[in-house]
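Peer 1: Listed below are the residues making up each chain.
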Amino acid sequence: MDKNISFKLKVWRQAGPKEKGNFETYEMQDIPGDTSFLEMLDILNEQLVDKGEEPIVFDHDCREGICGMCSLYVNGHPHGPATGATTCQLYMRRFNDGDTITVEPWRSAAFPVIKDLMVDRNAFDKIQQAGGYISFNCGGAQDANAIPISKVDADEAMDAAACIGCGACVAACKNGSAMLFVSAKVSQFAVLPQGKIEAVKRVKAMVRKMDELGFGNCTNTGACAAECPKNISLNNIARLNREFICAKFKD
Amino acid sequence: MWLSKSSVGRKVVMSVTGLFLILFVTFHVLMNAVAIISPSGYNAVCHFLGANWYALAGTLVLAAGFVIHIILSIIITLQNKKARGNDAYDVNKRPKNVEWASQNMLALGIIVVCFIVVHLIQFWYRMQWQELNGTEFGEINPANGVAFLDLAFSQWYTLVIYLIGFAALWFHMTHGFWSAFQSLGTNNNTWMPRLRCTATIWATIVCILFAVEGVVFTLRANCPECKAAQECVNANCGDAEPCTTVENCNAECK
Numbered sequence: 001m002d003k004n005i006s007f008k009l010k011v012w013r014q015a016g017p018k019e020k021g022n023f024e025t026y027e028m029q030d031i032p033g034d035t036s037f038l039e040m041l042d043i044l045n046e047q048l049v050d051k052g053e054e055p056i057v058f059d060h061d062c063r064e065g066i067c068g069m070c071s072l073y074v075n076g077h078p079h080g081p082a083t084g085a086t087t088c089q090l091y092m093r094r095f096n097d098g099d100t101i102t103v104e105p106w107r108s109a110a111f112p113v114i115k116d117l118m119v120d121r122n123a124f125d126k127i128q129q130a131g132g133y134i135s136f137n138c139g140g141a142q143d144a145n146a147i148p149i150s151k152v153d154a155d156e157a158m159d160a161a162a163c164i165g166c167g168a169c170v171a172a173c174k175n176g177s178a179m180l181f182v183s184a185k186v187s188q189f190a191v192l193p194q195g196k197i198e199a200v201k202r203v204k205a206m207v208r209k210m211d212e213l214g215f216g217n218c219t220n221t222g223a224c225a226a227e228c229p230k231n232i233s234l235n236n237i238a239r240l241n242r243e244f245i246c247a248k249f250k251d
Numbered sequence: 252m253w254l255s256k257s258s259v260g261r262k263v264v265m266s267v268t269g270l271f272l273i274l275f276v277t278f279h280v281l282m283n284a285v286a287i288i289s290p291s292g293y294n295a296v297c298h299f300l301g302a303n304w305y306a307l308a309g310t311l312v313l314a315a316g317f318v319i320h321i322i323l324s325i326i327i328t329l330q331n332k333k334a335r336g337n338d339a340y341d342v343n344k345r346p347k348n349v350e351w352a353s354q355n356m357l358a359l360g361i362i363v364v365c366f367i368v369v370h371l372i373q374f375w376y377r378m379q380w381q382e383l384n385g386t387e388f389g390e391i392n393p394a395n396g397v398a399f400l401d402l403a404f405s406q407w408y409t410l411v412i413y414l415i416g417f418a419a420l421w422f423h424m425t426h427g428f429w430s431a432f433q434s435l436g437t438n439n440n441t442w443m444p445r446l447r448c449t450a451t452i453w454a455t456i457v458c459i460l461f462a463v464e465g466v467v468f469t470l471r472a473n474c475p476e477c478k479a480a481q482e483c484v485n486a487n488c489g490d491a492e493p494c495t496t497v498e499n500c501n502a503e504c505k
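These protein sequence lines are chains A and B, in that order.
Read in the numbering used here, the first sequence has 206 at position 206, and its numbers run on one by one without any break.
Quick note, the numbering used here runs 251 ahead of the 1-based positions in the second sequence.
Calculated directly from the structure, the hints in this document are not laboratory data.
Possibly wrong hints are sitting among the right ones.
Below, a list of computed lysine to any residue pairs in the SDA-like style, where the Cα atoms sit at most 25 angstroms apart [said to hold, decoys possible]: (1) A/Lys20 to A/Lys115; (2) A/Lys174 to B/Asn440; (3) B/Lys344 to A/Asp120; (4) B/Lys332 to B/Lys344; (5) A/Lys10 to B/Asp341.
Turn these sequences into a full structure, and let the hints guide you.
Peer 2: Right under this line is the structure:
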C-alpha cells in the first residue's frame, strides 16, 4: 500500500473564455498514493461542492489513456511528470508529502480556455476534417491480406496511428505548433498503399488548415515528442515536411 | 507562393539559407587558417576577394542569404509568439532530450548578428568597401589582410567579442544543422542520430578553429616583434602589394 500524502494544489480558475483567470490554492489532506490525478481532482470537487463552491472544470472521459480527452499542464509538463502516459494514468505516488502541485490548462492561441482547466480543442477536428481520412466505396470489406504491406510500413503506420489527439504537443511547444499531431495523422496513411491515393491532396489540405487556425511554425525543438503520452516520433514531422514539399513541387 | 505562405515552406527557406550560411562559415574558417599558415597567402586571398565582379556577386548572394535568414526568423518568431497565446505557463520545464539551443535560437542568432556587425566594421568596411570606393582605411592597402588582422586584434576587447560570438555560433549551429535536414524532410529515425552527431562535430571543429585563429591573431598583434615586422613591411612596401610574411621583415615587395 502506498502511504497517504498531503500537499498544496495550485489550480488555474477561469470563469469563462473572456474572463480573466487566476490561481487558487487548495490544501489536500491524506490522499492515498494509488489515487489517480483525476480521482484526486474528483475528491477536491466533492469537497468544493459540499462547501457550496463552484467545482473545478476539467476534461476527462475514458480514464484509461486511450481517448485523449484529459489534458492538464501539471508542474510544467503536459500530462504531468510521467512520460508516455496521460494525466488519467498519473498517480499521486509520484508526488511527495508537502509538495505544491501547479495545475494549468493547455495554453495556446488555437486552444482557447472554455472554463478553468478545460480548453477548446476543436481546431484538431477541423484539421482532421480537412483531409485526415481515406475515401472508399461502401460494400463488403476485402480480405485484409489482399494488399501486401511490409512489416516496417505497417509498424510505422500503427505507431503514428497511436496519436490520441490530446493536444499535449501543442501545449508543450514554445511555438504553439501542431506539427506532431498533423504529421502523425498524415503519416498513418502516407506509408500505406490505401493512403497513397489521396496523399498529395491530404497533406496540402491539412497543412493549409493548420496554418489557417493559427498554430505556430515548427522549429524542431522536439518538446512535442518528448512530452507526447503516446511517444509519437519526430520522424513523422520529417515525413510531413517531405510529403508537403514533394506535393508542392508536383504542382 | 508556398515558400512564404505555408509554415512548412517558411521553414524550407530557413533551412536552405541556414545550410548556405553553414557552408559559408566553413569556407571562412578555412580561409582564416591560411593567415596562420601563410600570411602572404592570406593577403593573396584578400586580394582575390577584393572589389572584383565575382567577389562582389558572391558578397551580394551572401548578404541576401543573411538578410532572408534573419528577417524570416523574426517573422516566424513573432508568428510563434502569437500562436502561443497571451497567458504564459506559471511553471514550465524543459523536457529531457530537448536541446537548450533549440529553444533559444533567436537569442543566439541576435548575439551572432551583433558579433557580425563588429566584424564587418573591423574588416569588410576597411577592406572591400574601401576598395570599392577607391579609398584606403588608415593608409593601408585594402588587400593587406594581415595588417587589418593586427589592427583589429591589437584591441583586447576584440578577442572577447569574437569568443562570445563563436560560442553563440556553436550553439546555433549544433541545432541549426540537423534541424535544417529535418525541415527539408530528409531525416528519419536512422538519420536523426547521425545528423545530430555530424552537427555537433561540424560545429565544434568550425568554432574551435575560429577560436584558435582569434587567439593566434591576438598573440601576433600584441607581440612587439611581430608588430615591428609588420610596420617594416608597411613602410617598405607602401602602396605596393606586400608579399612578405610578418615573420620575415626583410622580404621583398612586389
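Peer 1: Hints first: check each against the structure and report whether it holds.
Peer 2: Going through the hints against the structure:
no.: 1; hint: A/Lys20 to A/Lys115; verdict: holds, 11 angstroms
no.: 2; hint: A/Lys174 to B/Asn440; verdict: holds, 23 angstroms
no.: 3; hint: B/Lys344 to A/Asp120; verdict: holds, 24 angstroms
no.: 4; hint: B/Lys332 to B/Lys344; verdict: holds, 18 angstroms
no.: 5; hint: A/Lys10 to B/Asp341; verdict: holds, 10 angstroms
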